[in-house]
Amino acid sequence: MGRLTTHVLDTANGKPGVGIAVTVYRLDGERREIAHTVTNHDGRCDKPLLEGAALEAGKYEIVFAAGDYFRAMGLNLPEPLFVDEVALRFGIANVDQHYHVPLLVSPWSYSTYRGS
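My numbering puts the sequence shown at residues 423 to 538.
These are computed hints drawn from the structure, not numbers from a lab.
All the given hints hold, so there is nothing to weed out.
Simulated crosslink set (EDC-like; lysine to aspartate or glutamate; CA at most 20 Å straight-line): (1) Lys437 <-> Asp490; (2) Lys481 <-> Glu507; (3) Lys481 <-> Glu455.
Pair by pair, the computed Cβ-Cβ distance ranges are: (4) Gly537 <-> Glu507: 14 to 24 Å; (5) His463 <-> His522: 14 to 24 Å; (6) Leu503 <-> Thr534: 16 to 26 Å; (7) Phe504 <-> Val440: 18 to 28 Å; (8) Asp464 <-> Arg536: 11 to 21 Å; (9) Asn498 <-> Val440: 17 to 27 Å; (10) Leu497 <-> Asp450: 29 to 39 Å; (11) Leu499 <-> Ser533: 16 to 26 Å.
All C-beta atoms, glycine included, are put in the ideal place defined by N, C-alpha and C.
Take these sequences, add in the hints, and give me the full structure.
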């Protein structure tokens with residue numbers, strides 16, 4: 423059974439990204455919100471973002487509320503933030519596979535990859 427998962431690492435502070443809002447959208451002619459959660463103490467979600475029949479082939483977007491996370495830390499950062507909402511767009515071709523889309527983020531940069 424295929425599934426979509428994520429986790430967030432705060433690379434500036436060397437720790438998991440705790441309490442970051444994560445919203446998943448399906449991009450199929452229109453942008454539709456299909457899942458929403460918040461990262462736990464390990465920077466992960468308590469369950470897959472999508473799995474089973476909810477995981478369909480197509481284009482998706484995950485939006486991470488990284489700016490809210492950094493603001494809540496009380497860091498002295500200029501407004502508007504350089505990195506605020508991080509939107510990652512990607513495709514799912516095989517619904518029987520595990521798609522892991524992690525976010526490595528700091529107030530000044532971010533990166534992602536297809537993890538395992």
